[in-house]
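Chains as they are written, first to last, in this note's numbering: chain X, 5 to 176; chain Y, 5 to 176; chain C, 5 to 176; chain H, 5 to 176; chain E, 5 to 176; chain R, 5 to 176.
Since the hints were derived computationally from the structure, they do not count as laboratory data. No incorrect hints appear here.
Pairs involving identical chains hold if they fit within one copy or between any two copies, as the list cannot separate such chains.
Result set (SDA-like, lysine to any residue): computed pairs, CA atoms no more than 20 Å apart in a straight line:
1. 62 x 90
2. 165 x 111
3. 170 x 116
4. 62 x 28
5. 62 x 33
6. 77 x 37
7. 165 x 146
Please read all numbers here as calculations on a predicted model, not as lab measurements.
6 protein chains.
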Amino acid sequence: MRALIIGRWQPFHNGHLSIIKEISNEVDEIIIGIGSAQKSHSLDNPFTAGERIMMIIKSLKKYNFPYYVIPIKDIEFNAVWVSYVEALTPPFDIVYSGNALVKELFEEKGYEVRKPKLYNRTEYSGTEIRKRIINNEDWKHLIPNGVINVIDEIDGENRIKRLNMKDYDIIE
Amino acid sequence: MRALIIGRWQPFHNGHLSIIKEISNEVDEIIIGIGSAQKSHSLDNPFTAGERIMMIIKSLKKYNFPYYVIPIKDIEFNAVWVSYVEALTPPFDIVYSGNALVKELFEEKGYEVRKPKLYNRTEYSGTEIRKRIINNEDWKHLIPNGVINVIDEIDGENRIKRLNMKDYDIIE
Amino acid sequence: MRALIIGRWQPFHNGHLSIIKEISNEVDEIIIGIGSAQKSHSLDNPFTAGERIMMIIKSLKKYNFPYYVIPIKDIEFNAVWVSYVEALTPPFDIVYSGNALVKELFEEKGYEVRKPKLYNRTEYSGTEIRKRIINNEDWKHLIPNGVINVIDEIDGENRIKRLNMKDYDIIE
Amino acid sequence: MRALIIGRWQPFHNGHLSIIKEISNEVDEIIIGIGSAQKSHSLDNPFTAGERIMMIIKSLKKYNFPYYVIPIKDIEFNAVWVSYVEALTPPFDIVYSGNALVKELFEEKGYEVRKPKLYNRTEYSGTEIRKRIINNEDWKHLIPNGVINVIDEIDGENRIKRLNMKDYDIIE
Amino acid sequence: MRALIIGRWQPFHNGHLSIIKEISNEVDEIIIGIGSAQKSHSLDNPFTAGERIMMIIKSLKKYNFPYYVIPIKDIEFNAVWVSYVEALTPPFDIVYSGNALVKELFEEKGYEVRKPKLYNRTEYSGTEIRKRIINNEDWKHLIPNGVINVIDEIDGENRIKRLNMKDYDIIE
Amino acid sequence: MRALIIGRWQPFHNGHLSIIKEISNEVDEIIIGIGSAQKSHSLDNPFTAGERIMMIIKSLKKYNFPYYVIPIKDIEFNAVWVSYVEALTPPFDIVYSGNALVKELFEEKGYEVRKPKLYNRTEYSGTEIRKRIINNEDWKHLIPNGVINVIDEIDGENRIKRLNMKDYDIIE
Chain X
5 MRALIIGRWQ PFHNGHLSII KEISNEVDEI IIGIGSAQKS HSLDNPFTAG
55 ERIMMIIKSL KKYNFPYYVI PIKDIEFNAV WVSYVEALTP PFDIVYSGNA
105 LVKELFEEKG YEVRKPKLYN RTEYSGTEIR KRIINNEDWK HLIPNGVINV
155 IDEIDGENRI KRLNMKDYDI IE
Chain Y
5 MRALIIGRWQ PFHNGHLSII KEISNEVDEI IIGIGSAQKS HSLDNPFTAG
55 ERIMMIIKSL KKYNFPYYVI PIKDIEFNAV WVSYVEALTP PFDIVYSGNA
105 LVKELFEEKG YEVRKPKLYN RTEYSGTEIR KRIINNEDWK HLIPNGVINV
155 IDEIDGENRI KRLNMKDYDI IE
Chain C
5 MRALIIGRWQ PFHNGHLSII KEISNEVDEI IIGIGSAQKS HSLDNPFTAG
55 ERIMMIIKSL KKYNFPYYVI PIKDIEFNAV WVSYVEALTP PFDIVYSGNA
105 LVKELFEEKG YEVRKPKLYN RTEYSGTEIR KRIINNEDWK HLIPNGVINV
155 IDEIDGENRI KRLNMKDYDI IE
Chain H
5 MRALIIGRWQ PFHNGHLSII KEISNEVDEI IIGIGSAQKS HSLDNPFTAG
55 ERIMMIIKSL KKYNFPYYVI PIKDIEFNAV WVSYVEALTP PFDIVYSGNA
105 LVKELFEEKG YEVRKPKLYN RTEYSGTEIR KRIINNEDWK HLIPNGVINV
155 IDEIDGENRI KRLNMKDYDI IE
Chain E
5 MRALIIGRWQ PFHNGHLSII KEISNEVDEI IIGIGSAQKS HSLDNPFTAG
55 ERIMMIIKSL KKYNFPYYVI PIKDIEFNAV WVSYVEALTP PFDIVYSGNA
105 LVKELFEEKG YEVRKPKLYN RTEYSGTEIR KRIINNEDWK HLIPNGVINV
155 IDEIDGENRI KRLNMKDYDI IE
Chain R
5 MRALIIGRWQ PFHNGHLSII KEISNEVDEI IIGIGSAQKS HSLDNPFTAG
55 ERIMMIIKSL KKYNFPYYVI PIKDIEFNAV WVSYVEALTP PFDIVYSGNA
105 LVKELFEEKG YEVRKPKLYN RTEYSGTEIR KRIINNEDWK HLIPNGVINV
155 IDEIDGENRI KRLNMKDYDI IE
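One chain only, chain X, in its complex shape:
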């Protein structure tokens, strides 16, 4: 049995990791979709698809369950989106999502949609981690070591801080 879970993983954190590990106990193989794959270099979506793939693979390499990591860009066409996801992924039976639209779209196509179990949502949150990076607060304990290494390799901490700078002198 294969399951699909799609997130933006901006960045991949310990809450994400524990969801994935829990799902790995319930299914044979996990397909991890990188949502909004075309987005990067904004405060909400600082990392490219390639960088997010690297984060996930580095974080999962010590685990033994089989998985796929696949970038999926937004297509702005809800009625076609499930088919678009199917074209890019191995066949799957179950979808993990807590999003009402994703649930509706997959259930209309006959998929079972399950609710992922989330822990410590206050701290294990992409928004919270990006905020801490901007404010120079502690954030490294919230993400796997593999992700820290990737953020270091691409100088991601400074990218987020620079993107947060006021447009000091925009041409209007």
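Based on the hints, put chains Y, C, H, E and R in the right spot on chain X.
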């Protein structure tokens, strides 16, 4: 003489029907464009283009005036949009619209733009009908029977209610 | 029971008409897809989607069976194409097609695909009719009167002849 | 040495002109990108790419420095955007921008990004000029004569006023 | 009076230059469209839009007539193409083209289409010049000095030769 | 050191596997790009991106080198393509390719491009394997067991045979 009217028809209701009937007295043929054809499965745009086409054709079948129903997706390029509409439709002379942008775009290309007569705008409104469906208030008297049948066939009432559910546990 | 048939209808001719009439005896409603909707002004695809819609509706107006005419552009993504068609059309059960790719794509999604019965394929052929127009041979007996009127309204005969002219002096 | 500056130039005004003139003293050739080239006919972006190109070329024709004016549409894919700009422009060394995202994207690719010097930002502002046109306040002293001529040729003043009209009777 | 001429200019050569100069005697301003702007790095289309813009501007700088150089990508939608060109260019009255499709599309929209006068078509031809570069034959006398400089700046001669190399060991 | 190799893998075969294994001895991590990711259901490209990802991951799971498998669709814009690949992948230093265009595009951006070593190109070829499937000749010894399982799971052998059927009765 052929006229064009473009709406989103989410859903097609009795106010829409009376506009179309009134226009049918003024022109020989009516082209009914389904605007934002790529949109569906959101609270503002719950129905697909195919579903909306079916609603309109079922509602108009007892009338004898000639008409066309044509889906038109958003192209996000205003200066080209009139030409895009022209490519998908039979030639037309008049446009019915109360929207300032649509009026400007067609008038710049030399079309006559007329103002449609609207009745009872408080109740005959897509927003109002979608709100009533969510709140379990009466709504079926506001739309043609043909549309009720389509919404039943596709279980549209529940789709809107499910889309309205809180994201109970989103992955962030 | 609703059936789908997709063609390019360049132009809609008597062979097409007899297929549609025959299908109307087998199903309740027919969805007529205008394939390659974005194509026009070439020798193989001289007419726009709007012009082809008009040809079909003019040709069918004396018949009483219910039908839909819907433009469908090429999306160059086979695995998603059936879902794209579904988004633009009312729900359907059966597909009429003699094309191996179309048959495969719809059958993989669980649709029944039936073979349309074609008559007099030598003359009832878009290619043949376009060739006759270029060569000033008789062609009007091969298409419905409604189509002749449309081709006259848009000066289609001369469009095809002009498109056939040699690039007399191209800039290279 | 060639420099790139990208703006929306809605419309091109005296503040823009003085920036360009100042840059012309620092580099050999200037590439002037027309950002959001696909946008027009909205209150924030009233003019087409073609109209904006004309405004700039008319305004610069009495100066002797070499420049290029190139329309660049939004591609909604930040990580690819610099490469997209490079494909449409002559090679360049320096980018003038006061926008944090543009600065980040070009600096990550190794470009030097300089801050343009802006004068009298209260009046020399596209937003201010569009507001004055709507309110029938003086605005012609804020833009070059060449731009006034273009706005006259395309009846741009009335376009903006018409786009500002309330949707007097929208179909909903 | 403004005229439009669209070519691929792969590369811009002396035949092109003499056409442009001749047109400059007939109209007030010339809009030079860079067709297939998205194409580059192939044997038929070796140069990017940016490189071709640079070739043209360098070649024309010693002449005094007013002109615009505007990249125009292929949109694969003939019925919309004229409108797309209009959105990117200043308004124009006349089109110079020897291509049957371009002629048809602009004439259907009411433009006057004129035939450009071509000289020495055997040698003044993009195909011929690209062939000579590959075969190490003389080609520099066929193009303006400005173009030679651009091809040198971007090492274009070797790009064409490398693109001509056999796929020595393709993965199939 | 990370390397990129892009192929269409239609299907992934033993020749591909031996290239990947050889590269794994030369670099730390391999990024395997699925080229033409949007293509499927044709004789040249029978398998979807999702199916090809599954083939590769099943074939490599017994090896211990780190790798990424990433779908990359065609964008028909050569000058931007390298940047598009970079956005979807982890950073890399080396590209393996025997294709002249790929070599040129990556070398212009400063990458080292190496030639992959191919074995037994007559039999280890996607074209050859697809031909054998059509002709009911032996083909399973040419591909890894993991790929055989995938082709079985999706009934790929019959898909190819059905796609090879003559259009028995196409509507023209």
